[in-house]
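*Asks:* Protein chains in written order, with our numbering: chain A, 1 to 301; chain B, 1 to 338.
Simulated from the structure, these hints should not be mistaken for lab results. Mixed in with the good hints, there may be bad ones.
[Stated by the list, open to error] Here's a subset of chain B near chain A, in silico, CB distances under 10 angstroms, partners left out: (1) Ile22; (2) Ile25; (3) Pro205; (4) Ala211.
[Unchecked claim] Cross-link-like lysine-lysine pairs, in silico, DSS-like; alpha carbons within 27 angstroms at most: (5) B/Lys227 with A/Lys286; (6) B/Lys292 with A/Lys289; (7) B/Lys292 with A/Lys225; (8) A/Lys225 with B/Lys214; (9) B/Lys292 with A/Lys241; (10) B/Lys242 with A/Lys90; (11) B/Lys214 with B/Lys277; (12) A/Lys170 with A/Lys241.
Idealized CB from N, CA, C, for every residue including glycine.
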Amino acid sequence: MDRFRMIFQYFQSNSESVMNGICGLLALASVKMYTSFDFSCPCLPQYNMAYGLGIMFVPPIILFLCGLILNRQSLVMLEEWRRPQGRRKKDLAVIRYMCSSIMQRAMVAPVVWIVVTLLDGKCLICAFSGSMDPEKFVGFANVSTARVQQLLAKVPCKDDELLRNNTSRKAVSRYLHCWSQALGWSILLILIIAAFLARWLRPCFNQATLLQARHWSNYIDIEQKIFEETCCEHSRLFAHKCILHFFESMRQEIKLHSFTLPGEGEGTEGEEDFLWGITDQDQVNKLLKTWYYEKPPLDVS
Amino acid sequence: MDKFRMIFQFFQSNQESFMNGICGIMALASTQMYSAFDFNCPCLPHYNLAYGLGILLVPPFILFLLGFVLNNNISMLAEEWRRPQGQRGKDPAVLRYMFCSMAQRAMIAPAVWVSVTLLDGKCITCAFSTSVPVETLGNASRPHLSQGEIQQVLARIPCRDIYNRQQLIANEVAVRYLRCISQALGWCFVLLMTTLAFLVRSLRPCFSQAAFLKSRYWSHYIDIERKLFDETCAEHARSFAKVCIQQFFEGMSTDLVAARCHLPRKAPADAGEAAEKLLGITDQGTMNMALKSWHRCKPALHLHPPALPTGNGWAGEGQPPMHPSAPRRETAAYYSWV
């Protein structure tokens, strides 16, 4: 009984801590992905914006979907949502609770990517260097329109021969970098304040409903785990019985064909059980061949 | 019984986590392989495309096959697919489930290789350097060259340290352009794969949950049944071997007694167990003969009740066994020398 209780508690806490662990791992993976990714802005007028914004927004979508895929509870929630009603009513509050907790966890890694991208600055510099107002910067002020677009597009590439050691290029770069970091820190601040408020103010609203929803969502999770375990246990016993029946039927057949009287009982218990009356190379070969060619029916009644 | 159950559960859950582990290791191995691989673009007009696309597509194919080879369940699937129907019907849904779960796991390492290759950019830069739009990106003051010469010059773009700078197009511009396209393709590929995986995983409970539960149960069942059968056969083989060897020693000692024509010495009562274990072989010569006989003519794979001396004719050396099958006896008594 004690062992059962320990296992239950392990499952209970394990589900949440596993999900938090996966969430944290994904966040770390997103930082690692960003640092190992070799950002190279194309520095061409039409391509910069697409590339910069693409790098800023496509990986977060991928990370969000990964967060949903790797979370086991999302499957549990979907099954609960789509199951036929049967004899058990469906509680929408539970499904909503599960959905919101899954979404919250899945959003962590994308937000980490976006914040890291903004704080680093390369993406924004690449995307918006072409949208700068050339009049503000001395080096670009008196250049023809077509040419200025080209030059502005080359701002993110430090080593480009046209703009190497150009102070206006550095000015534009710094300006965009500053905006990018300001945006990054602001987003981080807003999100943390929102998370803080949500956590603090939650007990003021509907605490009882929340407790119920949390209890029943844990229940559904555990029930499914135990069902899978019981199925495994059952299939093991089923297989055991099936094989016993098979060996027994082989023994009957051999007895029938070899016309020997059944042996006396004494002293035969120990080995006889494992030998099943199969004491010959041919008999063993026949058993193995029958196992392959005619597997026994799935019926152990 | 409890211990059995715990071990089985561990094995059951372990099989899945074992498979996932192999999957993850192969994905890491493919990243490592890519970084250890020394990419050398040939920088010749027609070879570039073949080399670049070859490096992009051939290793994933190898990794995919390797994913199947390393998966233990492939033999189980093949066996279930090819077995004759016999008394047990075959369910194609179970076979499909087993194949799908194996294929999904095997697809991960190739997808990782393709993503890493595209995000790194070297392959696409090598393969498509001859397709760079020189009109839009090239230098304003480029020399007029024939088409073949343009192709040759463009093919050399990936090898900047070998060939001198050419006047057709700035090297950095071309490389950045190709890299940007390669990375865009890479991210789109990863997005596509992730979306597919998400759809496959989330649409299943909406459509075929009952059939899925059935297929999963029976595929686990087939796996467990195979393991249990192997275990039962192993137990049988052990008992078979034990009895066979005991009968061999008894046969030996009976033959020696018959050959030397003296009555077996009566062992003292209090040394009963030790004497039994010696199986009548009590001196060096006899033991050597027993060992030689074991090597020269192993006994037939046929157990027979050892109640009476059988006179198998194994006394002495070099005599072949004469009996094709043991005479039938009425009693079957097996000694158990544990």
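*Asks:* Each of the hints needs a verdict: does it hold here or not?
*Replies:* Going down the list of hints, with the structure as the test:
| no. | hint | verdict |
| --- | --- | --- |
| 1 | Ile22 | violated, 17 angstroms |
| 2 | Ile25 | violated, 16 angstroms |
| 3 | Pro205 | holds, 4 angstroms |
| 4 | Ala211 | violated, 14 angstroms |
| 5 | B/Lys227 with A/Lys286 | holds, 20 angstroms |
| 6 | B/Lys292 with A/Lys289 | violated, 34 angstroms |
| 7 | B/Lys292 with A/Lys225 | violated, 59 angstroms |
| 8 | A/Lys225 with B/Lys214 | holds, 16 angstroms |
| 9 | B/Lys292 with A/Lys241 | violated, 43 angstroms |
| 10 | B/Lys242 with A/Lys90 | violated, 61 angstroms |
| 11 | B/Lys214 with B/Lys277 | violated, 54 angstroms |
| 12 | A/Lys170 with A/Lys241 | violated, 79 angstroms |
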